[in-house]
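Enquirer: Protein sequences, first through last, are from chains A and B. Residue numbers are given in UniProt numbering: position 273 of the first sequence equals residue 273, and the series is strictly consecutive. Residue numbers are given in UniProt numbering: position 583 of the second sequence equals residue 583, and the series is strictly consecutive.
Some hints here could point you the wrong way.
Stated by the list, open to error - If we take Cβ atoms under 7 Å as the criterion, some of the chain A residues that face chain B in the derived model are:
| id | residue |
| --- | --- |
| 1 | 12 |
| 2 | 72 |
| 3 | 155 |
| 4 | 287 |
| 5 | 321 |
Said to hold, decoys possible - Below 25 Å or equal to it, Euclidean Cα-Cα: the simulated DMTMM-like pairs (lysine to aspartate or glutamate) are:
| id | chain 1 | residue 1 | chain 2 | residue 2 |
| --- | --- | --- | --- | --- |
| 6 | A | 190 | B | 307 |
| 7 | B | 416 | A | 271 |
| 8 | A | 27 | B | 55 |
| 9 | B | 404 | A | 245 |
| 10 | B | 14 | A | 12 |
| 11 | A | 220 | B | 298 |
| 12 | B | 68 | A | 272 |
| 13 | B | 67 | A | 9 |
| 14 | A | 190 | B | 183 |
| 15 | B | 404 | A | 9 |
| 16 | A | 317 | B | 112 |
| 17 | B | 416 | A | 24 |
| 18 | B | 326 | B | 298 |
| 19 | B | 14 | A | 173 |
FYI, nobody ran anything at the bench for these hints, they're computed from the structure. These figures come from a predicted structure and were not determined experimentally. Here a beta-carbon is modelled for each residue, glycine too, at the ideal position from N, C-alpha and C.
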Amino acid sequence: MTSDAISKEELDQYDRQIRLWGIDAQKRLRKANVLIIGLGGLGSEVVKNIVLTGVNSITLLDWRNVVQEDLNSQLLITPDCVDQNIAESSRNRAQELNPNVQICVDSDHVTRKDEKFFQQFDVICLTLSDEKLRLKMNTICRLKNIKFFSGDVFGFFGYFFTDLGNIYEYVVEVPAKKTDHEPEKAKVDKTVTVKRVTEFCTYADAMEEDWTKRSRKSLKNSSSVFFIIQIYDEFKRNFNRPPQDGDKDALLEIKRKVLSRNGMKESFLSDDFVDFCRSALSPVCAIVGGVLGQEMIKAISGKDQPHNNFFFYDGLKHLGVVDKISP
Amino acid sequence: MAGLCNNALPETLKKVVQEAKLFVVGAGGIGCELLKNLALTGFRNIDVIDLDTIDVSNLNRQFLFQKKHVGLPKAQVARESVLRLCPSANIVSRHDSVFNPEYNMQFFKQFDLVLNALDNTAARNHVNRMCLAADVPLVESGSAGYLGQVTVIKKGLSECYECNPAPRRKTYPGCTIRNTPTELIHCIVWAKYLFNQLFGEEDADQDVSPDTQDPEARDPESGDGVNNAESSSLKHKPIIQRKSTREWAQDYDYDATMIFNKLFDSDINYLLSMDKLWKKRKPPVPLSWQQTNADNVESVAISDIQDVLSVKQNAELFSASVASLKKQLKGEGDGGMLVWDKDDTAAMHFTSAAASIRAKIFDIEQKSIFEVKSMAGNIIPAIATTNAVVAGIIVMQALCILRKKLDECRSVFVCKAANATKKLLVPCLLDPPKPGCYVCAEKPEITIKLDASKLSVIELRDKIMKSALGMLAPDVELLDGRATILISSEEEDNDEENLKKPLSEFGIRHGTRLRADDFLQNYDIIVNILHETGFPDDSIFEIVSKTDLALDKIASENKSANKAQNDVKNEDEDVEIVEEPDISCTVDRKRKHSSTTSNSTENNEGKRRKMSNGAEQIDVDCDVVVLD
Ligand SMILES: [Zn+2]
Numbered sequence: 001m002t003s004d005a006i007s008k009e010e011l012d013q014y015d016r017q018i019r020l021w022g023i024d025a026q027k028r029l030r031k032a033n034v035l036i037i038g039l040g041g042l043g044s045e046v047v048k049n050i051v052l053t054g055v056n057s058i059t060l061l062d063w064r065n066v067v068q069e070d071l072n073s074q075l076l077i078t079p080d081c082v083d084q085n086i087a088e089s090s091r092n093r094a095q096e097l098n099p100n101v102q103i104c105v106d107s108d109h110v111t112r113k114d115e116k117f118f119q120q121f122d123v124i125c126l127t128l129s130d131e132k133l134r135l136k137m138n139t140i141c142r143l144k145n146i147k148f149f150s151g152d153v154f155g156f157f158g159y160f161f162t163d164l165g166n167i168y169e170y171v172v173e174v175p176a177k178k179t180d181h182e183p184e185k186a187k188v189d190k191t192v193t194v195k196r197v198t199e200f201c202t203y204a205d206a207m208e209e210d211w212t213k214r215s216r217k218s219l220k221n222s223s224s225v226f227f228i229i230q231i232y233d234e235f236k237r238n239f240n241r242p243p244q245d246g247d248k249d250a251l252l253e254i255k256r257k258v259l260s261r262n263g264m265k266e267s268f269l270s271d272d273f274v275d276f277c278r279s280a281l282s283p284v285c286a287i288v289g290g291v292l293g294q295e296m297i298k299a300i301s302g303k304d305q306p307h308n309n310f311f312f313y314d315g316l317k318h319l320g321v322v323d324k325i326s327p
Numbered sequence: 001m002a003g004l005c006n007n008a009l010p011e012t013l014k015k016v017v018q019e020a021k022l023f024v025v026g027a028g029g030i031g032c033e034l035l036k037n038l039a040l041t042g043f044r045n046i047d048v049i050d051l052d053t054i055d056v057s058n059l060n061r062q063f064l065f066q067k068k069h070v071g072l073p074k075a076q077v078a079r080e081s082v083l084r085l086c087p088s089a090n091i092v093s094r095h096d097s098v099f100n101p102e103y104n105m106q107f108f109k110q111f112d113l114v115l116n117a118l119d120n121t122a123a124r125n126h127v128n129r130m131c132l133a134a135d136v137p138l139v140e141s142g143s144a145g146y147l148g149q150v151t152v153i154k155k156g157l158s159e160c161y162e163c164n165p166a167p168r169r170k171t172y173p174g175c176t177i178r179n180t181p182t183e184l185i186h187c188i189v190w191a192k193y194l195f196n197q198l199f200g201e202e203d204a205d206q207d208v209s210p211d212t213q214d215p216e217a218r219d220p221e222s223g224d225g226v227n228n229a230e231s232s233s234l235k236h237k238p239i240i241q242r243k244s245t246r247e248w249a250q251d252y253d254y255d256a257t258m259i260f261n262k263l264f265d266s267d268i269n270y271l272l273s274m275d276k277l278w279k280k281r282k283p284p285v286p287l288s289w290q291q292t293n294a295d296n297v298e299s300v301a302i303s304d305i306q307d308v309l310s311v312k313q314n315a316e317l318f319s320a321s322v323a324s325l326k327k328q329l330k331g332e333g334d335g336g337m338l339v340w341d342k343d344d345t346a347a348m349h350f351t352s353a354a355a356s357i358r359a360k361i362f363d364i365e366q367k368s369i370f371e372v373k374s375m376a377g378n379i380i381p382a383i384a385t386t387n388a389v390v391a392g393i394i395v396m397q398a399l400c401i402l403r404k405k406l407d408e409c410r411s412v413f414v415c416k417a418a419n420a421t422k423k424l425l426v427p428c429l430l431d432p433p434k435p436g437c438y439v440c441a442e443k444p445e446i447t448i449k450l451d452a453s454k455l456s457v458i459e460l461r462d463k464i465m466k467s468a469l470g471m472l473a474p475d476v477e478l479l480d481g482r483a484t485i486l487i488s489s490e491e492e493d494n495d496e497e498n499l500k501k502p503l504s505e506f507g508i509r510h511g512t513r514l515r516a517d518d519f520l521q522n523y524d525i526i527v528n529i530l531h532e533t534g535f536p537d538d539s540i541f542e543i544v545s546k547t548d549l550a551l552d553k554i555a556s557e558n559k560s561a562n563k564a565q566n567d568v569k570n571e572d573e574d575v576e577i578v579e580e581p582d583i584s585c586t587v588d589r590k591r592k593h594s595s596t597t598s599n600s601t602e603n604n605e606g607k608r609r610k611m612s613n614g615a616e617q618i619d620v621d622c623d624v625v626v627l628d
């Protein structure tokens, strides 16, 4: 992996994606070192998407042991892994996906890791987290100039958050302007590369947004999944477990609290959600993990406009929304 | 046991999911992701079919396959790979074509749902018809680069796949290819024809020599291109006249220098002699082997396939690839032939070299082997992430159907950037079936313009019934009160001689009605013939309408009324705002915009384009689609 030139074998293997994002993006990808924290359904989808593209290394960090429920959404493990460490259990399948990528495994608890550990990565993706951990990891990433993503899936719903730093530069390809004296033959598929800049805010800042200031039109296009995250977080804080059958009243009670705290009407989030926001549903992990994986690829390659700064998926409405939530 | 206790599913769905029987058509990019999602979600009865074997270029996204599986059947390896995830699943793999008559209406009826993960229009059309015939809901899908689409097809309730006919194949007039190329793609098409003429199956429609019948080359006085050309320059007669290119090449034992000089020197000189062609065009500049300073070499070292090669390099690449293909052809034995394949290095080098040299001669910008391969192979870029999203959406639609909430199913578009209403995955209401659809209407009917005195029975069968209308084995009879049989689906019942005769010999004229029927697809259609002469370019017929145009109008009005109630309407308000000059996004906005005006044709085209973009085997126009 030291040579800068892309080998014939790599060209063959990555042919279909190089045709999409170009050779320069591929060269950046093969130098990147990525950390995935949390190897649930969503984490495993992201691992698959990132390993397939051919990054330099990926580190799988999770202290948990596999439980029965993981088998409904985690694509890197098999039923005989139950009761074994889930990061370790994912290693072989991850390696099979692409022998060119170095797979590292760490079964430590994320809170036991120091800043030096995180410093070795270009991108960190945090899943299965609570708000406290999100805030902490975001702070470390800001400090160390690491691109930060965090996301989760609750049943039919999912989301992820992105912070690529205060100032993020990227390039886009735009159609070249046609000049009159250019010969006719030049009219096809000419593009030029231009530089763009955008700003991201931190997760802590995003939580400061005053939703009552949103216009009616903006609210109409906003996703209620943002509040499902908070309800889910609060439920787990209160009960120390994800919601199950019979938790309907408790969830609705938290819903009322969360919405009124944000100055939102109760009708903004329909009560139906309670039957559909339990453990991770595989197709939702695939959808959120697909969009999230692509955003990580964008962030590594510095190519194309990133989704700034939240993505929400609502599986009852079949709707995927990108929204900028900032103070 | 995984799945039995999938708590992500509401109680009402657990049992349904576990017992549902699914047919997955395709185990490629979307198929691999889909099978994984289905098994994890708890589906236990899955049949998967795919005709393909695994190629190394699949490995960047078709994650159920590894390098050691290259060459093995996709369906089988995908099954084994998913069984590791979920040993309790009951998966049947079929390394077979879905067109096989074994998969008849009875076969389709055994499934609760059919999920398409296909890459070509012909198979999509066929599965569409089989699902309509068996009345099984179908989830249809496609992806191309960052874009994707999923939709639900339910007989009588939503549009079928063929309610919006696919844009016809992008074809280039023969004389542009043979005489007056202006774009690199013309030279690439020419080079692929040349491959077939020299090494593959010869096809009369794929001639590569100068076309003396080019209407533009004709002298208005004599009206005869050949005379005109010959009288103006007799010394440049083409070297061969009666012999086929293949025979000629064989006579010289595929001598690369000889072939080079014929194609790029004498044939070009002959073209120059058709002087009418060059009155308003820049004339080509002939190039002989000697001028290139190239050596006849056995092989060429290409340091970077992303470089544009020099004339000398291309000439040497031409020579080396001719030598290599000659060897391959010999290996096939007497009467053997090669099949053009973008993944065959020699075939691709030959195509790129020949196209580049021809481009140089016509002063057309050349491109690298890498880019020529994209164009020649109609390669649509494909990535794991888009396929993962599309496959996820397929399962979400499937769950919605199984919850018996068909009204909550959506046609979902996967976009590259969010639109002005923040939507990245855009759900749209399912459109009702088109009353005039020539496939899903109660009594399908179609009107076709053709020249009955020229179009033969075999052309009616192959180019119209099979190719344009997607039938596999049509029976065609005249609605003349006697049900005269014109074409039988049983090959041996057809008289060879009769097949070659024009339709007029069987009493087919303006206003004649035919009945065509495909037994396997359980599909029956009335064809109204309009006799007309003088078709432009190479076309021989034209599909005018699907039944009554008035019906289409009503349908489009209904549609816009429907749309008004839909969330799509919101997007229209902001349609003028284009914050990012992103190519794919512009197309998307255009589509959205048109879908809310009553311009149904444009709307349908937009939708269809996206779908057909997912086809790896579809035509050269895919590039054009994104750009226009
Ligand atoms: Zn239809």
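Enquirer: State for each hint whether it applies.
Expert: A quick look at each hint next to the structure:
{"no.": "1", "hint": "12", "verdict": "holds (5 Å)"}
{"no.": "2", "hint": "72", "verdict": "holds (4 Å)"}
{"no.": "3", "hint": "155", "verdict": "holds (5 Å)"}
{"no.": "4", "hint": "287", "verdict": "holds (4 Å)"}
{"no.": "5", "hint": "321", "verdict": "holds (5 Å)"}
{"no.": "6", "hint": "190/A / 307/B", "verdict": "holds (17 Å)"}
{"no.": "7", "hint": "416/B / 271/A", "verdict": "violated (31 Å)"}
{"no.": "8", "hint": "27/A / 55/B", "verdict": "holds (23 Å)"}
{"no.": "9", "hint": "404/B / 245/A", "verdict": "holds (22 Å)"}
{"no.": "10", "hint": "14/B / 12/A", "verdict": "violated (42 Å)"}
{"no.": "11", "hint": "220/A / 298/B", "verdict": "violated (67 Å)"}
{"no.": "12", "hint": "68/B / 272/A", "verdict": "violated (47 Å)"}
{"no.": "13", "hint": "67/B / 9/A", "verdict": "holds (11 Å)"}
{"no.": "14", "hint": "190/A / 183/B", "verdict": "holds (14 Å)"}
{"no.": "15", "hint": "404/B / 9/A", "verdict": "violated (48 Å)"}
{"no.": "16", "hint": "317/A / 112/B", "verdict": "holds (23 Å)"}
{"no.": "17", "hint": "416/B / 24/A", "verdict": "holds (20 Å)"}
{"no.": "18", "hint": "326/B / 298/B", "verdict": "holds (12 Å)"}
{"no.": "19", "hint": "14/B / 173/A", "verdict": "violated (46 Å)"}
Consistency note: the structure conflicts with the earlier hints numbered 7, 10, 11, 12, 15, 19.
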